[in-house]
Amino acid sequence: MATLWKLAAAGIMTVVVLSSSSKAGAFNLPTISFDEGYTPLFGESNIVESAGGRKVKILLNKHSGSGFISSDIYYHGMFSASIKLPSDYTAGVVVAFYMSNGDIFEKNHDELDFEFLGNIRGGEWRIQTNVYGNGSTSRGREERYQLPFDPTAEPHRYSILWTNATIIFYIDDTPIREVVRNVAMGGDYPSKPMSVYATIWDGSTWATSNGKYKVNYKYAPFVAHFSDLVLHGCRLDPIWQLPAARQCGELEAETATAEYSLMTPAKRRDMLRFRQRYMTYTCCYDQVRYPEVLPECEAVDEAEKEKYWKSGDIKVQPKPVVRRHRLRRRNRAKNRIEVKEQQAADQEN
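With mature numbering (1 follows the signal peptide of the UniProt record, and there is no 0) applied, the sequence shown corresponds to residues -19 to -1, 1 to 330, in that order.
There could be a bad hint or two in this list.
[Stated by the list, open to error] As a list, the in silico DSS-like pairs of lysine-lysine whose alpha-carbon atoms are at most 25 Å apart:
| no. | residue 1 | residue 2 |
| --- | --- | --- |
| 1 | 65 | 173 |
| 2 | 286 | 300 |
| 3 | 288 | 248 |
| 4 | 65 | 300 |
| 5 | 38 | 288 |
| 6 | 195 | 38 |
| 7 | 193 | 173 |
| 8 | 291 | 248 |
These are calculated hints, taken from the structure and not from any lab test.
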């Protein structure tokens, strides 16, 4: 992969759109099997493919985490996976689905992230999106959210749309964040070809309450399930000496008119509703880290801003979702009590 990247960085590339005839995934885009688009990155013994390769599990245990990487690099497109997260005690566990070129551009890499941060038993998984351009980790443009569903009960689809003009993060069919390219962003807007990654790993030093709660391997293995894999973008090949921007014209035109690229009034309402109900931190309201408002945040809602501290954290946390497995435990306990009461009544009679 490193060799491929070095050649691509030198401008030796061509473009192919990866496609498949399998069932449709995000927004009717074709899905692929694991072997069609991905290869193990680390912890190969902790990567388990289903028969046919349409589903894959990545595990974290006391020996290793695990992860996989796209076999090719991409310049713009739609990238998606359905993910079911580990349940029970998951403090310190980090699951990520993201794009990056940090393996080559160590000091000026680009990155687009979905990060899922585990929690103590009874606590909710938190989700974070990040936008890094040209090594702008000090201006990471993070946002965090709670979820309106239990992400451990069944898979949900997480998608990243990346074009020359806009970045949209989707959960299922709902856009939750849009970053429109602004001239003032300069190199902070991701602009170099990236690989697609999925990982699970031990983030004990920071992931839960700033490291207060660590991974407890008593509850291992922690398993994240991936399915409905979509890699729909400009796939770069090191054989041809062709600029990516020029060669992506056909796909760029297709993407620009695709349903998932168009922010309709209905989709914008859905996005704003999600953000109002579930966003718990945004860089746009973080006056501590960003005394000067980031250029893409200039049109912030001042009334909404009052709901956030100067740190960018929301003042009143959204009401957490009751997890299904907690309901099941409560129902079992309730059933046991009812059985005992009935047995006692039978003995009295």
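Each hint, compared with the structure:
Distance hint between residue 65 and residue 173 is unfulfilled; the C-alpha atoms sit about 30 Å from each other, more than 25 Å. Between residue 286 and residue 300 the alpha-carbon distance is near 19 Å, which keeps this suggested pair within the 25 Å criterion. For the proposed pair residue 288 and residue 248, the alpha carbon gap of about 23 Å is at most 25 Å, so the pair holds. Taking the CA atoms of residue 65 and residue 300, the gap is about 21 Å. The hint holds against a cut of 25 Å.
Annotation: proposed proximity of residue 38 to residue 288 is violated, straight-line Cα distance about 39 Å (limit 25 Å). Taking the CA atoms of residue 195 and residue 38, the gap is about 22 Å. The hint holds against a cut of 25 Å. Of the supplied pair hints, the one linking residue 193 and residue 173 is violated, its CA atoms being roughly 36 Å apart against a limit of 25 Å. A C-alpha spacing of about 29 Å is found between residue 291 and residue 248, which places the hinted pair above 25 Å, so the restraint is violated.
Hint check: violations occur at hints 1, 5, 7, 8; the rest are consistent with the structure.
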